[in-house]
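Fit chain G to the known structure of chain U by using the hints.
These protein sequence lines map, in sequence, to chains U and G. So for the first sequence, the numbering used here puts the first residue at 1; every next one is plus one. So for the second sequence, the numbering used here puts the first residue at 1; every next one is plus one.
Incorrect hints may appear among the rest.
[Claimed, not checked] Derived Cβ-Cβ restraints for the label pairs, each shown as a range:
#1 PRO63(U) to GLY124(G): 17 to 23 Å
#2 ALA9(U) to ARG2(G): 33 to 39 Å
#3 GLU29(U) to THR100(G): 28 to 34 Å
#4 ASP5(G) to SER114(U): 27 to 33 Å
#5 GLN35(U) to ASP52(G): 41 to 47 Å
#6 ASP5(G) to HIS118(U): 42 to 48 Å
#7 ASP52(G) to LYS117(U): 33 to 39 Å
#8 VAL26(G) to PRO77(U): 20 to 26 Å
[Unchecked claim] When the alpha-carbon atoms are kept at most 35 Å apart in a straight line, the in silico DSBU-like pairs for lysine-lysine are as follows:
#9 LYS72(U) to LYS86(G)
#10 LYS117(U) to LYS86(G)
#11 LYS113(U) to LYS86(G)
Treat the hints as calculated values from the structure; they're not laboratory data. For each residue, glycine too, the CB sits at the ideal point set by N, CA and C.
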Amino acid sequence: MSFTMPVEAGAILGFARALGDLDPRWYDENSPAAQVHGGVTAPPTFVATVAQFDEDWPYRPRPGVPWHGSGKGPGTPAPTSGTGTSLHAEQHYEYFGPLRPGDVLTVEREPGKSWEKHSARAGTLRFEEEITRFTNQRGELVVTATRVRVVTERPVEA
Amino acid sequence: MRIADLQEGDSRTAIVVDGLTRTQLVMYAGASGDYNPLHTDEVYATQVAGYDAVIAHGQLTMGLTATVVTGWVDEADLGAFGVRFKNQVLPGDTLTVTATVVSVADSTHGPEAELALSTVNQSGVEVVTGYARLRSPWGTVR
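Looking at chain U on its own, in the form it has when it is part of the complex:
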């Protein structure tokens, strides 16, 4: 699958604020902090915001579509995880260039490896790898992201 994702200054600022990271490197083009990097760049995990542009992203309420979170009632189990929970096990990024405000990224995603393990705490664990490539408007591959998801058979105590 393939779709596009704009890299916007306001989105970068909001993302940095959500991390409590007020380094002007992420929002003030003329600051020395940004100038060291040739201008404003996005924080290392900014491509996590790809969820905003992914039509198939399951964790976004949509008008007219039942949502599994609480409302009048407490909600229903997530469609993707049955009686267990879908958790993020690992995340890896490789960077080949910067992400700057105004960039438009082409996002290409493909499944990677998958495997199973048994856990005394959570039953059978199914691991699934997903690889996402981000290419900018100049055709330069800038980031690859590898997400490893684990779906547990039952909830895991913290």
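What follows is chain G alone, placed relative to chain U:
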């Protein structure tokens, strides 16, 4: 701080969140687009998903972990960054990140450094382990 100023064994420790709030989880959900109710909907998380409270987005903990690297070696960019999520992060948690220089070496595009990362909660339980590879800033190699 530049990569050239780093030596093997150098380390930096910093608190990246002091008492995580549910509001910060809402901020992160809105900023990232990850509206999984497990992270923001206490009713759902406790009554349906079976957790004691909402749990933090793994990516939030990862992003918080990165701030120690970018804030410390501020005259470098990341070439690679990866983590393993070891334990849940919950509202009220205070997270401390330690970044340690594992190696410094020269490459075709200038000096590079490998850092080992560890993020622990207020009980000393590791919530994230990871690595970062630092390289010269993008702006200087255009």
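Results of checking the hints against the structure:
no. : hint                              : verdict
1   : PRO63(U) to GLY124(G): 17 to 23 Å : violated, 45 Å
2   : ALA9(U) to ARG2(G): 33 to 39 Å    : violated, 27 Å
3   : GLU29(U) to THR100(G): 28 to 34 Å : holds, 32 Å
4   : ASP5(G) to SER114(U): 27 to 33 Å  : violated, 42 Å
5   : GLN35(U) to ASP52(G): 41 to 47 Å  : holds, 46 Å
6   : ASP5(G) to HIS118(U): 42 to 48 Å  : holds, 47 Å
7   : ASP52(G) to LYS117(U): 33 to 39 Å : violated, 24 Å
8   : VAL26(G) to PRO77(U): 20 to 26 Å  : holds, 22 Å
9   : LYS72(U) to LYS86(G)              : holds, 34 Å
10  : LYS117(U) to LYS86(G)             : holds, 16 Å
11  : LYS113(U) to LYS86(G)             : holds, 20 Å
The structure is inconsistent with the numbered hints 1, 2, 4, 7, although it conforms to all the rest.
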